[in-house]
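Top line first, the protein sequences correspond to chains A and B. Using my numbering, you'd call the opening residue of the first sequence number 1 and step up by one each time. Using my numbering, you'd call the opening residue of the second sequence number 1 and step up by one each time.
No lab work stands behind these hints: they were computed from the structure.
Which chain B residues stay away from chain A? Per the calculated CB distances, all over 12 Å, these:
#1 12
#2 15
#3 25
#4 41
#5 60
#6 203
Cut-off 27 Å, straight-line C-alpha distance, at most; resulting in silico cross-link-like pairs (BS3-like, lysine-lysine):
#7 B:185 with A:79
#8 B:185 with A:122
#9 B:83 with A:79
#10 A:99 with A:79
#11 B:49 with B:185
#12 B:49 with B:83
#13 A:99 with A:122
#14 B:230 with B:185
#15 B:83 with B:185
Just so it is clear, CB atoms sit at the ideal spot from N, CA and C, and this is done for glycine as well.
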Amino acid sequence: MSGSRVLSFSDAVEALFASRGQRVRRAVTALAVSDTPDGRRVLALSGRLDATTIRNVWIEAREAIEAAIGRPVVVDAAKVDYCDGAGITLLADLVAQRKPGDVQVANLAPRFETMLQQVDPKEIERDQDPEAARRGSVEEIGAIAAGMGRDMRDQVVFVGETAAALVYALAHPASIRWKDVWRICERVGADALPIVALISFLLGVILAFQSAIPMRRFGAEIFVADLIGLAMLRELGPLMTAILLAGRSGAAFAAEIGTMTVNQEVDALTTMGLDPVRFLVTPRVIAAVLMTPLLTLFADLISLAGGAITLTTFSIPYVTFIHEVEGFVDVSDFMAGFVKSFVFAILIAGIGCLRGLQTTAGASAVGDAATRAVVSGIVLLVAVDGLFAVVYYVLDI
Amino acid sequence: MEQPIIVVRDLSVGYGDVPLLRDVSFDVRPGEIFVILGGSGSGKSTLLKNMIGLNEPMSGSVMIDGADIVTASGDERRAILRKIGVMYQSGALFGSMTLSENVRLPLEEYTDLTSREIELIARMKLSIVGLGLFTGHLPAEISGGMQKRAAIARAMALDPMILFLDEPSAGLDPITSAELDALIKRLSRNLGVTFVIVTHELASIYAIADRVIMLDRRTGGIVAEGDPRKLRDESTDPWVRQFFNREPAPIAA
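Let the sequences and hints guide you as you build the complete structure.
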């Protein structure tokens, strides 16, 4: 192959920027390939070599070097107007295509030559820090199982630590940071009222409406009041409140403490000789234990109101509804649900704090902590609620 | 004289209603290494945030290559941002991405290069800040000083005209810090990159700064401007001389 021909023009990108009103540099980036009589291949680069202009030149130059097997190559950069870091990388990449000395860069302006000297083509060409290969599936399953085991152990240890911290706090009320407790109470309790009201009202309305329709066929709409009273007070009131708490406050605790862990604020507490559990976990657990039962009470009332309002459309007046609930649901039913809410509060707040303290590093770790707080919080809720059902059944409550 | 590349006029910055700096004006010339100095709390980082359009100033203008970043929006603003690179004090690397991915991100978004070429450019940028052996590491797996260098590599990914560096040498050992100074000088002299740097390191100021401005909390403005060596030797302001000569405040006996 002899003579010289222009292989590429890559000014499409420049045209794009021109349309965006940016100043355009009219230096067309191009590559001309020629062969000298003594058998050398010459790649003449011209124009501006930067990240937006070199795409085609780069690919074509590599192809031209590949095609010239066994012959020395000279990259002539005499007509290069400007060459930034990307351009330098292009030149280094061309040099690294062959064994040292076979590809030479000639006539590069001294200021760009200085930059090229700083780069070791070998170092760029080879990935010196490849990402670790993924583990095999068996190994992966084993690792996950081992991780779950460790996690279970961590949870047990943490429950123990939290319980010890709570006992200590009750014995020494002055050691509790009450200012923190009240602040957290407001966020966990008062701020949650609207969403708890909305969901429990909706639950009352739906339960009433959906059960009143089939019951009407037997003329038994009145018993819907019993159903709502029993279901909400014993089960759904505490459970829905706890699930909302897990989504709102459990996740918030995990994200807050997680961010503190990432920022080394938890380390700072530890090195001051202060126990992070006492400082961060105890106030949150106490606040949750104070607020969750109140929220549950509120949810019970609102859902009953929702049911009562719905049943008026089935010609059951409020007075009848109240009488019916009073007659069927007794204090032990209410207490069965109310007691659960204390336990749920400890679970949700504790697991949220634990996930926060377990946060590793980085922004995604905080997200993981919040997710895990909600998921394991709800899983634990379901498990413990089942346990309560068994215990209540055995005790005949 | 060449047209300035950054023109700051009557800029007042602060938080809420309280101005930290009042009616500050200065120019940055193309290709120069421009250093912003000042005691802690004097508004250096805040000034930087306003210059790169992160905060909206109370009043005044910041012209970057002829366009006002304060009032620009949409495509106009993106065109300005394409010309600048920023290294934040904390590094601000994306924690879920490896160093190489961090540097590749702007290249993937703004150029049409193939993934192999982008990979090579990213490796080259990381290699010139001395992190060629750590391209596959996550930011959390390397030291704070290394994160800083990786952040510089990311800021340089698209070879911007202007690089803003917030405390680049804080947390680096003297040798690495000197290497970084050499790199800044090379980029400025050979590729014509303009640097705007916030730093306290006197050694690196003398080594690289073409011009400095010095902010003062007491007056909320610039107390000194010019060549750092001249300021050290010739300034009439005792505080400025004290700063450059690293003298402690007089101790009452």
